[in-house]
Amino acid sequence: MKTYDLYDRIYGSLLTAALGDALGGPSETQSKTEILKNFGGRIETFYDGLPYDRNALCEVTDDTSQMYEMGKAVIQTDGELTVEAAAAGIVSWADNYPRFYPRCAGPTTRYIVDALKAGEDPVELGKKGLQFQRGTSNGAVMRIAAAGLVNPGNWEGAVQTAVTMTKPSHGTQQAFSASSAVACAIAEAMTEHSTIHSVLRAAVYGARRGEEIGLKEGRIAPGGRVYTNLIEAIEIAFRSRDVEEVERMLDESVGANICTARASVPITIGLFAANHGDGMGTIISCANVGGDTDTIGCMAGMIAGAFSGTSGLREDWCRQLKETNPDFDLEWMARELTRIAKRRGGIA
Amino acid sequence: MKKEILLDRILGSLTAAGIGDALGAPTEGMSYAEILKIYGGRVTDFIDGDINPYFHHARVGEVTDDTSQLYEMALALAEAGGDYKIEDAVRGLLNWADRHPRYYPQSAGPTARMAIEALRNGEDPLAVGRGGGNPERGSSNGAAMRIAAAGLVHPGDLEGAVRDAVTMTGISHGTQIGYASACAVACAIAAALVERPDIYDILHAALYGAKEGDRIGRERGRVVPGTTVQHKLEKAISIAYDATAMEEAEARLNDAVGGDSSAAASAVAVAIGLFAAADGDPVKTLVGAANVGADTDTIGCIAGMITGAFCGYAALPKHWVETFERVNTDFDMKKLADLLLPLSAKE
Chain A
11 MKTYDLYDRI YGSLLTAALG DALGGPSETQ SKTEILKNFG GRIETFYDGL PYDRNALCEV
71 TDDTSQMYEM GKAVIQTDGE LTVEAAAAGI VSWADNYPRF YPRCAGPTTR YIVDALKAGE
131 DPVELGKKGL QFQRGTSNGA VMRIAAAGLV NPGNWEGAVQ TAVTMTKPSH GTQQAFSASS
191 AVACAIAEAM TEHSTIHSVL RAAVYGARRG EEIGLKEGRI APGGRVYTNL IEAIEIAFRS
251 RDVEEVERML DESVGANICT ARASVPITIG LFAANHGDGM GTIISCANVG GDTDTIGCMA
311 GMIAGAFSGT SGLREDWCRQ LKETNPDFDL EWMARELTRI AKRRGGIA
Chain B
67 MKKEILLDRI LGSLTAAGIG DALGAPTEGM SYAEILKIYG GRVTDFIDGD INPYFHHARV
127 GEVTDDTSQL YEMALALAEA GGDYKIEDAV RGLLNWADRH PRYYPQSAGP TARMAIEALR
187 NGEDPLAVGR GGGNPERGSS NGAAMRIAAA GLVHPGDLEG AVRDAVTMTG ISHGTQIGYA
247 SACAVACAIA AALVERPDIY DILHAALYGA KEGDRIGRER GRVVPGTTVQ HKLEKAISIA
307 YDATAMEEAE ARLNDAVGGD SSAAASAVAV AIGLFAAADG DPVKTLVGAA NVGADTDTIG
367 CIAGMITGAF CGYAALPKHW VETFERVNTD FDMKKLADLL LPLSAKE
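These protein sequence lines are chains A and B, in that order. Position 185, counted from 1, in the first sequence is what our numbering calls 195; the numbers after and before it change by one each time, with no gaps. Position 69, counted from 1, in the second sequence is what our numbering calls 135; the numbers after and before it change by one each time, with no gaps.
Only chain A is shown next, with the shape it has when bound in the complex (with noise of 0.2 Å):
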């Protein structure tokens, strides 16, 4: 057996959540049918975007550069993230990235960015809502991948740093309890002795306690709750006899044909489960699943990545990533995420 690892489990995850993100771009918003159709079958490698976005082969989007630039918020925190810093993040990202802001900011980002230069206080606007999908979007998990992963088995931590890089853009119940499943799952995946079992329980767990924080602190938001269909996503991995067919039910019951938080990322975990944890399997899901695959397959991607490492990951794609997107460090990230992560766990 391959010994364990820490920074090879943080690098796996930034770079699974990369590679979901860029094999995941050319099919988003499209259905699963759309899917089998526009690509002759099921997409099991890269594409580049045209017809259906503008990006080129094997070329990330905000997803991945939004989770780089929060990555960074953390690092320079030293691990003790601030909803400051986390402001900071988002209006770096958009500084940083023509290529993919304003373009591809979604639904809660693209109102704030403006409105955190002019100096307003990131906790209300985190909280303002008068929007659709304001504050209930995607964009709070896509980014989340430090949260977990300075927080190595800590589910509370994980918390903790979810909620504080959650406030500035996406202050809901539903968006805390879905950045803190997916940062919890993370701290979880990225242990020794994790299993797909001990993940689950670590993402329902999140999900609750980013609810129960988000009642009181947030903006309820209206819409269902993260928890419900992420409990529906679980049976679904249970009842369903192999991985496409979890990805039709998942479609189906949670659906993923909107790009909010409650809907992906039960789809995350349930992608997650039903291929095992195993890189390459859940990010090749994520990106026939339909709706957001971009941000589903980052999102999984980060996951999956914590549990599996780097191992089994195709090393044409890795090195394909690397060439088309040099604007992306995730070595040297995972380096100093591994320092933050051993200092905080307390591991030698």
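Treat the hints as calculated values from the structure; they're not laboratory data. Some clues are possibly wrong.
[Claimed, not checked] Simulated crosslink set (SDA-like; lysine to any residue; CA at most 20 Å straight-line): (1) B:K277 x A:E245; (2) B:K277 x A:T238; (3) B:K277 x A:K47; (4) B:K277 x A:E255; (5) B:K277 x A:R251; (6) B:K68 x B:E261; (7) B:K301 x A:R251; (8) B:K301 x A:T238; (9) B:K301 x A:R249; (10) B:K350 x A:Y215; (11) A:K47 x A:E255; (12) B:K151 x B:K412; (13) B:K301 x A:E242; (14) B:K301 x A:E245.
Please arrange chain B on chain A, whose structure you already have, making use of the hints.
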């Protein structure tokens, strides 16, 4: 897996099954509300259950028909040396009836009693197993509560576990529910006997066994009325992930899938649900079984087989093991584990 570790897990399964049986015996047939009233609180250790007619005159820490039948069925399977047949299963069941007057006939369940008399008369075992004439016959707990060995000799091999579970079950519980309940538990045990078991895989294995057993039962058994094991198990798994604490899990498992009799679909689903809700922890699992209500000794015995195979003998609380071994000298689990090991290690 190293032999010492495999032996520890096999012995863990057998011992935890016995402990779960003995812990749950004083509360058998009661609801949680009655348990609290009669015993003045949750049952968390071996207690005097003389007040319970099912456990009348028993010693504190003594097992029941469950562990004693499990023991004889396993012994006959071990003696068969890897080629387990219907005759071996019959021999095991009749040995139990002959050797343990303390438990037979008084503790025999609604199916075993009828089956044993017919088997003694030399009737065709599979015809006996399919026999009806009584509402509960063939769908009660007898098949699952004694199934341990079918899983223990097939580490990681679900098909092998199903094969031996079917053989062990057909002689008395030849119904789709009897087969499904036995195969679900045998598969869960087999999936627990890997180097790094994952509860997620164990639950999937139980569902696989439930579906396979149901299919086999519908082909060759008597089809009885009743909810499928798979259906109850899926509900139980959902509750296990949804519940925030053990007491909540116990109450909800009882409310959603529990029974008021010794119906196998309920007991198996409750047992596996408790195991999952407890994250495999043997103390939480077995205390949960003793307090969940209904057929608590059988639920404890089944849950014990799985949690013990998952965590091993060394992980069981010493005071429980010590009492169990001192009180139940008729059942030498160490000897039984040694006999099963060569068959198990061959896989």
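Status of the hints after comparison with the structure:
1. B:K277 x A:E245: 16 Å, holds
2. B:K277 x A:T238: 26 Å, violated
3. B:K277 x A:K47: 34 Å, violated
4. B:K277 x A:E255: 17 Å, holds
5. B:K277 x A:R251: 11 Å, holds
6. B:K68 x B:E261: 9 Å, holds
7. B:K301 x A:R251: Measuring from Cα to Cα gives roughly 17 Å; hence the hint holds.
8. B:K301 x A:T238: The hint holds at about 14 Å.
9. B:K301 x A:R249: 10 Å, holds
10. B:K350 x A:Y215: 19 Å, holds
11. A:K47 x A:E255: OK: K47 of chain A and E255 of chain A at ~18 Å, within 20 Å.
12. B:K151 x B:K412: 18 Å, holds
13. B:K301 x A:E242: Roughly 11 Å separates the two Cα atoms, so the pair holds.
14. B:K301 x A:E245: 8 Å, holds
Checked against the numbered hints given earlier, this structure breaks hints 2 and 3; the rest are met.
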